[in-house]
Every structure is written in structure tokens, then in C-alpha cells.
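Peer 1: Keeping their order, the protein sequence lines are chains A and B. Each number in the numbering used here comes from the position in the first sequence (counting from 1) with 1 added on. Each number in the numbering used here comes from the position in the second sequence (counting from 1) with 9 added on.
The hints are simulated quantities; they were obtained by calculation from the structure and are not laboratory data. Among the hints, a few may not be true.
Which stretches of chain B does chain A cover? Using the computed rule of at least three CB atoms under 8 Å from a CB of chain A, they are [claimed, not checked]: (1) 412-420; (2) 427-436; (3) 440-448.
Each residue gets a CB set at the ideal place from its N, CA and C atoms; glycine is no exception.
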Amino acid sequence: MSQDQPRVGLFVTCLIDMLRPSVAFASVKLLEDAGCRVEVPRSQTCCGQPAYNSGDRKDTEALARQTIEAFEGYDYVVAPSGSCGAMIKDHYPTLFAGDPEWRARAEALAGRTFELISFLVDQRGMTSVEAKLAAKVTYHDSCSGLRELGVKAQPRRLLASVEGLELTEMNEPEVCCGFGGTFCVKYPDISNEIVGKKAGDIEASGAELLLAGDLGCLMNMAGKLKRSGSKVEARHVAEVLAGMTDTPAIGEERK
Amino acid sequence: MESQSHDFKNRSSGAIKDEQLQRALGNVRKGFIKKRADVAAKLPEFEALRDAARDIKNHTLEHLDLYLERYEAKVTESGGKVHWCASAADARAAISSICAAAGAKTVTKGKSMISEEIALNDHLEKDGLTVVETDLGEYIIQLRKEPPSHIIAPAVHLSRDQVEADFRRVHRELPEDRNLTEPESLVAEARSILRQKYLDANVGITGANFLIAETGSSIIVTNEGNGDLTQSLPKVHIVIASLEKVVPTLEDATAILRVLARSATGQEFTSYTTFSTGPKRAEDLDGPEEYHVILLDNGRSKMLGTEFQEMLRCIRCGACMNHCPVYHSVGGHSYGWVYPGPMGAVLTPSLIGVEESGHLPNASTFCGRCESVCPMRIPLPKMMRHWREREFEKHLSPATVRQGLSFWRFFATRPALYQFATGMAARVLRAMAGSKGRLSRLPLAGGWTKYRDFPAPEGKTFQQLWAEEQKKRRKAA
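Chain B extracted, bound-state conformation (with noise of 0.2 Å):
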């Protein structure tokens, strides 16, 4: 997926604008948050099973060489294969060989974001094949051409109404008169097109949420089935996942799997939680005759080792954007590429460069709600506060900002200067307000006096009328 994310400031003043988007995010607003608090509150050990969740993966971000090489050996064991990728281009090369080989001509996903920061769906296309979302959500924004906004819901930032005006462009069969006006039967409906699909696909794509060092298992969680029906029905099977997937053991990833989706949604489980382990063996009824894994690292093993690595344990739940006040304001598709929100102010930066995306990271009030929420305790705040010390480094930041903290650094550090060079602006700004007690405009703060009123001084400074009040104290005592 091609960036957008130096557009970030335009592309958020638009989302702002946008009157459906905001309705929209009313909605994630409301529902996500609720969710997730009485599903929490109904598990006492939920605290506790968060921080048994970081540290697995702590751990196993210590030892990831040796957990990597261990899942390989199990898998290969299994009679599946792993294919080592480098970067996005490797992975859309090995994932392009596999489907050349297995002579495919259709080709079903379940949703899968590293799919998305490699733009597989386009590489394939270009291959001629036909590439078919199979998640509710993907479906309806791969119908509209759009990237995702979300990465659990990747239509939230739909409408229904929206949604039911894309089937009945696209899908040509529909009669007018169908009703299509609930949830429901918008899902009949991508149902009854799909389910051909699977049974045309040559190859199933899907993600993982988890991959099993112990017994070579990848597992993906959905909550209609379509990644079952994908990886099941296709004769080749491939698992397209990056590398700090891994956890240990079967017992990890179920530890785990209790906060994901208490976190993500709000239930205490997926309604479908599926293991694959390999192709299908000489016994086994149905299943995929080639098992493929990608193994996609695309910046992350440089991660390792330096302050973001922390952000590896992200198990991709979107608490955090759920929980944002910036994410609702302005929604995922401002942040301008496949991880939106908190984690994506992180990730984003460490997968694609702070040049390009250096607005992400300060976007931020660091109101520091994201970090409270996030299942695995990733502080999101802090590593964005890294980010943003690279670019001060980096010479990225704004020049008006720099010359700001310098010229705030150089009275600030001479606190003589500073508390006259203080009084002198209360009395000033005093002046300006007259008796009105606000100003409606203010010199160099437009950004501010756009919206707000600045409140006025009250004339003279603390530390003057204290020094007058001590005065009075010594006389009276």
C-alpha cells in the first residue's frame, strides 16, 4: 500500500468535514468502548492476564531467532513449507510463484493486514488473477477500492445505506426489490456471492493471529467463518504472517487469545477460533493439499533491540484506536496507510520511515488512554515521544517549533529574566483584553484563537503578588 501519511494534516481536516464519517465514528465511540469495559469487568483475572500476556511476549521477542527456526522445523515436520521473506516484494514474489505453480486462476482471503502492507490484492491482479476478500468488512471496501479504516472493522467507517448502494452496483443479479435494509441481510447477500467464490478459488490466502513455535499451528480468529471456508476448500493453503507472531506454545497463544478479543470487540471469544497445522494428511476428510507459510520480517527485525521493541507484542485488537480521541475525530483513513490509530503512530514510522510519516507520532495529546487499554501494555505514549525525539534530532521537526522551545528554553533557564519577561506579558496581554476578561485573537496563536477565546490574564503574575503578600506577612508578623 503507498503511503499518504505526509498528507495526515490535510486528509484529517477533511475527515473532519465528512458528516457520514462522523456519524460513523459516533458509532465506534459508543460501541467499542462500552463492550470492552463490561467484558472486562466481568473477568477478575483480566488485569492479571494482561500482564501474563506481555510477558510471553517479552520472551519470546528475546529468543525470537530460536522460537522462528523451532516453528520452522515443526512445520516443514507437518509437510507444510515456511518461505523466509525479507520485504514486501519477496513475499508478493514467493506468494505470485505458489500461485503460478498451483495454476490458480481465483484466489479467496480472509482478512489479513500484512496483505495490505504488502498490496497484494493489486500484485495479483496484475498477475491476472481474481482476488476475492471473504471478510464481511474487506469485501465491501475491496467493492469500493478503498484501503481499510480499521483494523478489526475495516468498513467502520461505512454507512448502511452506503453499503447496500455498493451491492446493488456491483452485484448485478440483485433484485430491486430486495429488502436490505438490516445487517442481516447485507450479510445473505455477500454470503450468497461468496460462497461460489470459495468453491472457485484455486489458493486461500489468510493472516494469523498467532504462529505456535511448539507445534508449527497457525491460528486465525474471525467471527463469520470465511477463514475456515478459505483455508479448507482451496487446494493450496497459504499463511501470510510477519515474524513477531510467533508465541512459544499451544498454552501461550490461548493465554493470549483472552484478551484479544475482549479487547478487540468486546466478546469473551471469536466466534471462530481455527488451528491448521500442515496440509491435509492421508486421514483427514478435507483441507488444503500445500500448506505455505510467508514469514514476512519488511523492517521489523530492525525493531529488535532499539526502544520499539516493545511495540512487537501488539496482537492487532484496535483498543487503542477504539479508545482515541484523535482516531475518532479523524478516523483511519487520515493516518494515510495500514495501521491507523496509536499502534499505527508507532508502527508506522518503524515500518516505512519518520520522514514519511512524522505527523503520526505528534498527532497525539498523549492523554495516554490507549496505553491503558492495550491488552498487552505496549506504552504507546512514550514510544510515540521517541519518534518524536528522533525527528527533533533528525532536524524533522517544524523550524517555528524549534525556534518556539528556544526561545522559550532561553527565558525558562534565566529565571530572573524569565519572571520579568512574564510579568511584562500579563500586564500586556491584561491590557489587550481590557475588562472583557478573554481575547478573541492573540499574535503567533491563530491556531488557537481560530476556535477558542484565550482567557486573560489577571494582570499581575503569581510570583509578584506573592513577593507583595510575604511583604505584608513579615510587616503584620
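In isolation and in its complexed conformation, chain A is listed as follows (with noise of 0.2 Å):
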């Protein structure tokens, strides 16, 4: 690897980190094949979300700076979740507005951070993937990528590179899967019906294989596909792109 190549702080997501490693591992590809070199920070934990959204300011504003300490001396940062991308593009300047030190170091690491679909084709000039999966699939449109961070085209235009894949729009890719954090655990009967919803519109894709870009949203969905004893599986786009789609789909039994 030459040394002109962007250092790439991989942001890996608690959820990626925990339930889904394999999600890492395909964005770890992904962006060396960008030509990026890909580090992983040990000291990054959780980019301070579930604290931010339930109005806990002051342990969001702990677990903020821990981040943008952790990420500071790379080139660039990359999340493969449009949520966290945007909890540390979007959100941590907002956080430090009083405190003008942090203020500018949440700005500069805003500046470099991005969602890793949008990172690949938007910054990378990415246009194709070598990969092949013989499949039907639909695309759910998760809120935060698309609208904090205008992801939208970028995932599409890579899956269309795929060999032997077939996108299926479903009704309504833009609207919400009713997961939302912390909201599917305080509200579980109104996240149930709004995820009930995007099943149905999942189901008469006619697709087998659900992706999307941000493991949440797919846990939700693949959860509730799963319950309700669906055939549809489910995946984070970023294995498909990397051509790993050997190991088992989310939630579903191992070989």
C-alpha cells in the first residue's frame, strides 16, 4: 500500500460491532478496494445516540468527545450507518455550541465523516463492484442516511453493477421501518404497527433478500420478517457490494 493512500478511520457502530461483524469486515473491503488503508481505533465505543435522542445531554457530550478523539488524526472517518455518519456529521458541531475548542474539533471531524455507500461513490468515484449474487432484492431507504445525508442513489447505482442482481422497489422504500432507537423499546405497540407495514410492503416486493444500510433498521425488519415466519432474508448492503454473502442472513439459522 503506498503511503498517498487516505487513512480511513472506521467507524464499525455499536450494533455492527456487537450483532453483525461481518458488516465491518465487507466495508473493510469496500474501501480498500477504494484504495483507502482502513484502520479501526480501539478506543471508539458508541457514538453517543441513544444518550442524544433521549435528552441526555451531558453523557452524549462524554461519549462525543471520546469519538472525535479517537477519529481526529484521520484523513477520513466512515460509518456503514447512515444514522451514526449522521450523529457525528450533523449533530456533534450542534453539541459544543458554547464551547468553541470542541465546537471547531466536532466541526473538522464532521467535515471528513461520512455514510460508506455514499463515501465510496460520492468521494471515491466509485462506480462498480466485482461482485455476483443471483437474487432478487428491494432497498428500504433508512431515514437518516436519507435525510440527513442524502443517501439515496449511491447504494442503487453499486447494487446495479451486480452481477446476476435484480432490484425490486418496494411501495414506499422512503418511509420509516418504526424502529427509530430507543423508540421500538418506549412504544413497542406503535413500532410494531408502523414495522408491520414495511413488512407487508417488503412481502409484496416479491424480492427474497431485504438490504439496507444501517443494521438497526435491518434487525427490526429482519426481526419482524422472521416473526412472522417470512422467506424474505435480510442484509446490510455492504455485503452484498463485497461479494461476502456467505455467511448466514440476519437472523437466520447457521449452516
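Combine both chains into one complex, guided by the hints.
Peer 2: Shown next as C-alpha cells:
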């Protein structure tokens, strides 16, 4: 690897780290294919979003400072999640409005932070991937990536280059799946109603595989699909783009 | 209106089980969204108009005292009277005394959310007056003794069959064989009753979409023309409006009107847009003899200069609720007070206190669709988050949430300990799931597993696996 390759700090996300490492390995492969040197800081844990959305500013700031310190040495910070990416990129700078030093550090980091797929396409100019998957898939636009970071065309563009893959759009792919972080456990009845509609739209698309860019939404949708006996499988889009679909899909039996 | 917002959780769970309501909400989901998208796509400058509308309101709110004083001076000049009302009680008292002075027995009303906010109908009925709602949706829910479930479509939660049954129950003269199967026939039936009420009324009360400082005019938009009849036939016209409705000029109002109907009903313009300036002049053929404006504060001036000031830009179009997945699931009555959906989740705590309505700003997935369609670009999720912060500071958040967060913070701010703990948890959950790949029950996560399986971890954390991979890579190198 040459030294002029950008150094990317991978923000793994707490859900991926604990529940689905294969997404992070797929991210590493895609980033390396795009000519980046990837490092994974050991001092990262959580971006602070659960605390932030629960109104707990003090704990959010503590976690944000820790994340900023862990990642400020890199050329880029990349997260395989629109939600965690938007937390760092959109929300960190507003956290430190009254603290010029941390505000400046947060803004500097925000400017170098990206969601994985949009980074590959918009920053690295990737237009296709070397991957094969003979499957009919549908793609859910997770809310933060879509509305806070403008991730919409990029994953579809790369998916179009996957050999054998057919993308079929579900009804209203831009509607929330009802995960909403802590929302799904604070208001389980409402969350279930929303994800129930989403599962219906996914089924009706005729796809055999559901893809999205955020593990939280995927766990919610996959969990609902499995509970209702659906055959539709679910994966993070990075796994498909990296050609790493040997592991069982989310919530599927181990072979 | 008495708030039931504290009971949001029960009310919403009930609403989810109400099959008729769910069918009606399906229509909101399909109808309004497509109409708005179509009509916005047809207007290339729609986004620029949203910016202009936001800027007009921001400017007005920065100089609200100036424009309100100017507005009052102009109303007075045109022969009308402005009644400044700090509270709901003040507004009710002012309206009562105007009605008493007019010797009123019957009052007709155009649709007004403010009158719901101050529970005006109950109050006037206690005074012995007959109050008749003239907006079709509002008329239907008046027959049912229900509050509105939506700010522009108050009866959107009902089916046509339910409305027909209500008409047959209340309209005693209605022949049994009269066909009421089409919306048109329902409208005709309501109209036949309402026509006489307009003529009987001594006082007409309407809301206002805008108050114009430049001219002292009020503007009301309707699709049924009921506002015009309400305000021009009786001897006395009372306009009831909250103080943030003021805009500087006619030009400003028309700019905002261009985004209002498009966002609300997906129309380019409403069927009727009516301007009123003072009572009937000597040369006018018709119009009221008295013109009063009830200018209500009721907590709004307290929002100025706070993180909630931007909420005062709201023009009550309902686009946020039309696009909200939570509203689609629970309907407007679940929110328990006048203003439902995302706008209500910010406005209700501002007006009646977060202690009473703390569920509302929390019952959002923060999907951001409300903000993306708000014609006034109000950052609704950001303001809901402000309310959550206020609740957290005041220790109003549930103890379980606070304990959960402090537990999470303890580990998450100690990376080495965190990695040890997540490694353990991943192994334990993997073992619990066996070869199944998912868990159908999980301690402490009943809210999740009641409806969903929980995908099992792969066994080791990424950090563990990555450390192993790095060793391999170094050896290979």
C-alpha cells in the first residue's frame, strides 16, 4: 500500500461490532478496493445517539468527545450507517455550541465524516463493484442516511453493477421502518404497527432479499419478517457489494 | 379542551386495535401524500417559496410587537376592535360579552383550532347559546361530540357509513329512503341544514389563517365557502386568532398562501380565500355591523426567544401529520389535545406543559419526514429533542431510561471494559440462540421480543475478530 492512499478510520457502530461483524469486514473490503488504508481505533465505542435522542446532553457530550479524540487523526471517518454517520456529521457540531475549542474539533471531524456507500460513490468515484449475487432484492432507504445525508442513488448505482442481481422497488421505500433507536422499546405497539406495514410492503415487492444501509433498521425489519414466518432474508448492503454473502443472513439459522 | 395527552400510550394502543380507524388512516396515508407531491412537482419554485415563507415569518417574529401594534391600529381605523387576550379564559370572557351585547341566541362558526384550544363551544353553550359548526368535517364531529382528529380534516378518522349513521340519527326530517351513499349527497344534506343556521345566527365566529399588519385585514381559506357565509350574514363577526398569525403585508400573506394549500390538501389554491377588513361600510351591500378580533396569546409569547420560537412559524397545514408514520398508526385522538402529529408534539408541551404531554415529543422515530415536507421548514425533530432534554433535566424521564443510559455510559466511556463486556455479551447471546440464529425472548427487551425476533450475534465482536485479523496480516507480511 502506498503512503498517498487516504487513511480511513472505520467507525464500526456498536450494533455491528457486537451483532454483525461481517458488515464491518465487508466495509473494510470495499474501502480497500476503493484505494483506502483502513484502521479501526480501539478506543471507539458508541457515537452517543441513544443518549442524545433521550435528552441526555451530558452523556452525549462525553461520548462525542471520546469519538472525536479517537478519530481526529484520520483523513476520513467512515461509518457503515447513515444514522451514526449523521450523528457525527450533523449533530456533533451543534452539541458544542458554547465551547469554541470542542466546537472547532467537532466541525473539523464532521467535514471528514461520511456514510460508507455515499463515501465510496461521491468521494472515491466508485461506479461499480466486482460482485455476483443471483437474487431479486429490494432496498429500504433508512431515514437518517436518506434525509440527513442524501443517501439514495448511491447504493442503487452500485447494486446495479452486481452481476445477477435484480432490484425491485417496494412501495414507499422512504418510509420509516419504526425502529427509531429507543423508540422501538419505549413504544413497542406503535413500532410494531409501523414495521408491520413495512414488512407487508417488503413481501409485496416479491423480493427474496431485503437490503439497507443501517443495521438497526435491518434488525427491526428482519426480526419482524422472521417472527411472521416470512421467507424474505435481510442483509446490510455492504455485504452484497463486497461479495461477502457466505455468512447466514440476519437472524437466519447457522449452517 | 381538556388534555388527555398523559394517556397517550393507552390511547395509541387502543387506536392501533381499532380496525375502522386503521382503514380511515390508510386513506390519509395514500391521498394527501401523493397530492402534495404532484402539486409540488408542478411548481418549479416551490422550494424557493418555502425559503421565502420561512424568512417572512422569521422576520415577523423578530418584530412581533411592532407588527401587532400596527395591525391593531389598522383594525381600529377600519372600524373594528382588537381584544388582547392573555389566556383562554380571557378570550372566552371577551367572546361571551360580545355575544351578550349582541343579544345573540345562535352562533355559527367557521373552523377554528383556536376555538378548540379554548374550549369555546362548551363555554358558549353554558351561556345558553346554540353553537353550530359550519365546516362539514367540524359539523360531523360536533354531532358526535368528538374533538377533531386532524387540523385540516377534522373527521378524517371516520368512514362514510359512520357519517351517514350520524346524519340519520340527528337529522329528524331526513326521509329514510334518501340516498346518502356519495360524499356529494352527504354534503348536500349538511348544507340543507346549515343554510337556515346561517340566517338564524346573530354572531359568526371564524378563525384566521393570516392577519395583515399593513391593512388590518384577516384572511380565511376554506373549500366549502362556509367561512364567507359565517362572517357575512350575521350582524356581528368575531375573528379569533393567535398572535403569531400576523404577517406584515398582503404580499407576504399571498406568498405563504402559495405553499399552504399545496402542503395541506395538495391543491394549488383553496376554493375560497376570503379577506375581511372591518365591519360593513356605508357603501357596502352586505357584511357584519360589528367586527371584533380576539387576539390570543395563551402561552405563545413565552416561546419567543427560546429554542421553540421557530414553532411559531407553523401555518397549520397538517403536512407533518399527513407524512408521519406515528400519526398514520395512532390517529389524531391519541395525542390527547388539540394539535396532533409532529407539530402537536412540539406545540402541545409549549402551551400546556411538558409535565402533562411528555409522551408526545418522545413518540417519534425521528425519521425526519415531517421536517422534509414542512412548508415553513420548521425543524420539528430538533425541537422534539429539545423537549426531551428539558424532560431529562427536570428528571421527568422514566427511571428505567435514566438508569439504562447511565449504565450504558459507564461502559461506553471505558473502551477496554466496554470491549470486554460486549465480547462476553456476544458470546452469551450466541450460546442462548444455539444454531437458531435468532432469539424469540430476551431479558430486559420485552418491548422488542413481544413482536420481533432478535437476531443473534455472530459469536465474537468485530473488535476481537479484527485484532485476530491484524495479527494474521502482520504474520503474512
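Peer 1: Three residues minimum, CB to CB under 8 Å: does the stretch 412-420 of chain B make the cut for coverage by chain A? Let me know.
Peer 2: It holds: at least three residues are needed, and the stretch 412-420 of chain B offers 5 whose Cβ sits within less than 8 Å of chain A.
Peer 1: Taking 8 Å as the Cβ threshold, is the statement that the stretch 427-436 of chain B is covered by chain A upheld or broken by the three-residue rule?
Peer 2: holds (count 5)
Peer 1: How does the stretch 440-448 of chain B fare against chain A when you require at least three residues with a CB closer than 8 Å, holds or violated?
Peer 2: Holds, because 4 residues of the stretch 440-448 of chain B bring their Cβ atoms closer than 8 Å to Cβ atoms of chain A.
Of the numbered hints given earlier, the model fails none.
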